[in-house]
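Visitor: With the hints as constraints, model all of the structure from the sequences given.
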Amino acid sequence: MAGGAGRGGAGADGTGVQMAGGRPAGSAIEMEGAMRTLPSSGRPSGTGRLSRGPLFGRNYGLSPGSRLLPPRCQEDADPQKTAFLLRKQWTLYSVSPLYKFSSADLKDYARMLGVFIAAEKQKGLAVDVDGELGVRVAMSGLPELRGSEQDPAAVLVQLSLRSSLSPKNSEEKLIWSGWFCCVAGDDLLENLPENFTCLPLFLVNGAESYTAIVGSWFQKTFDCCFRRLAISPLNLTWMAAMWTGCKVDKNTAAMELLFSVPHLPQPLDISYAIHPEDVKALWDTVQKTPGEITQEEVDVFMECLYSHFHRHFKIHLSATKLVKVSTGIASAHCDGIIKFLQSQYLIGVLMLLTELAISQIQ
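Residue 1 is where the sequence shown starts when you use the UniProt record's numbering, and the numbers rise one by one after that.
Hint data in this document are derived by calculation from the structure and do not stem from the laboratory. From a predicted model like this one, the values you see are computed outputs, not experimental measurements. A couple of the hints might just be wrong.
With a straight-line Cα cutoff of 20 Å, these simulated EDC-like cross-link-like pairs (lysine to aspartate or glutamate) come out [unchecked claim]:
#, residue 1, residue 2
1, Lys121, Glu208
2, Lys81, Glu144
3, Lys81, Glu149
4, Lys220, Asp105
5, Lys121, Glu172
6, Lys339, Glu208
7, Lys100, Glu194
8, Lys100, Glu190
9, Lys107, Glu172
10, Lys324, Asp299
The following label-pair restraints were derived from C-beta to C-beta distances [what the hints assert, rightly or not]:
#, residue 1, residue 2, range
11, Glu190, His263, 43 to 53 Å
12, His316, Leu192, 17 to 27 Å
13, Arg87, Lys173, 38 to 48 Å
14, Ser216, Glu172, 16 to 26 Å
15, Lys220, Pro79, 30 to 40 Å
16, Gly291, Ala104, 33 to 43 Å
17, Gln80, Lys220, 34 to 44 Å
18, Lys314, Asn191, 50 to 60 Å
Built from N, CA and C at the ideal position, the CB exists for glycine as well.
Guide: Put into structure tokens, the structure is as follows:
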């Protein structure tokens, strides 16, 4: 458990502070959790627990009282089909429903987008509509990225570049990737008007210039709207708790929480690393309902972490802003940047991100 030994100093530019140390004897953080844990019974019926339904709920946009733990992928799922999504930084966007979009026309859309990109990049120059362009566009479906049969298949958009000096059959270089998905968006799908397709979550890896062009084409073609999807400190605490509660097949890295200290003349961050066994032991003392997490449990979990840190460093983390959570399952930054690390929990993480995207567009 980080927090037992010493305190690091700020860097020369005042931007780096790290708190690190050994694991405390007797797992002190676990004992804190046992003392602060929620009661397992005695809660008045109908109060204090606002269930969001069998997946992620009925009241998008409201802070939930409880969520289910991210499910693991089905045993027959092929992790190789989504392996290329792992260990990359993806920037998050929310997307309003697409009008008259059809997954059967992806090849036509790819050709049209290729022409649009060429026109944007080569204003005033001739464009070869047959596709012999500097930038190649490919669109394909990702049916593996669904939470249920009702969800539309995810759509992958990839841009590749081939130099004009390269041989005709040479391998192209992937320069930009983006994908639309809707994982467990049942409620929005039920109320969707005719001719609209719900793919509310858009994830991008690549240059912002291409993101702007691709987004512009989709907006003009399908009358939709893109917005950057930030992640609030509250939702980051949910991610910290939910991902801690996930079971993994092998040892994972320490959980790291990154905090920003406000109201200082120069930026100052605090990095708080917790050994995975310690943080899992703490969570096991806090969680009372198997497979489900409540807001109360998240609050107690974070309080225990903050209390342990304050005892070692005399710093109140509650006065700072949580900006990033890193675990063995995934990492997430408040600016809306995500990195997936475990294929078996990819669907589970996307369920929460889909919920956040839907809450932003409604």
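Visitor: Compare the structure with each hint and give your call.
Guide: Checked hints:
1. Lys121 / Glu208: 14 Å, holds
2. Lys81 / Glu144: Distance ~8 Å between lysine 81 and glutamate 144 Cα, so the pair holds.
3. Lys81 / Glu149: 18 Å, holds
4. Lys220 / Asp105: Judged against 20 Å, a Cα distance of about 16 Å means the pair holds.
5. Lys121 / Glu172: Distance of about 18 Å is within 20 Å: holds.
6. Lys339 / Glu208: 18 Å, holds
7. Lys100 / Glu194: It holds: about 9 Å lies between the C-alpha atoms, which stays within 20 Å.
8. Lys100 / Glu190: 17 Å, holds
9. Lys107 / Glu172: Since the Cα atoms of lysine 107 and glutamate 172 sit roughly 18 Å apart, the hinted pair holds (cutoff 20 Å).
10. Lys324 / Asp299: Cα-Cα ~17 Å, so holds.
11. Glu190 / His263: 43 to 53 Å: Given about 45 Å between the Cβ atoms, the range holds.
12. His316 / Leu192: 17 to 27 Å: 45 Å, violated
13. Arg87 / Lys173: 38 to 48 Å: For lysine 173 against arginine 87, whose Cβ atoms are near 19 Å apart, the range 38 to 48 Å is violated.
14. Ser216 / Glu172: 16 to 26 Å: For glutamate 172 against serine 216, whose Cβ atoms are near 23 Å apart, the range 16 to 26 Å holds.
15. Lys220 / Pro79: 30 to 40 Å: This hint holds: roughly 36 Å between Cβ atoms.
16. Gly291 / Ala104: 33 to 43 Å: Given range 33 to 43 Å: holds, Cβ gap about 37 Å.
17. Gln80 / Lys220: 34 to 44 Å: Holds - the Cβ-Cβ distance for glutamine 80 and lysine 220, about 35 Å, lies within 34 to 44 Å.
18. Lys314 / Asn191: 50 to 60 Å: Taking Cβ atoms as reference, lysine 314 and asparagine 191 lie about 51 Å apart, which means the hint holds.
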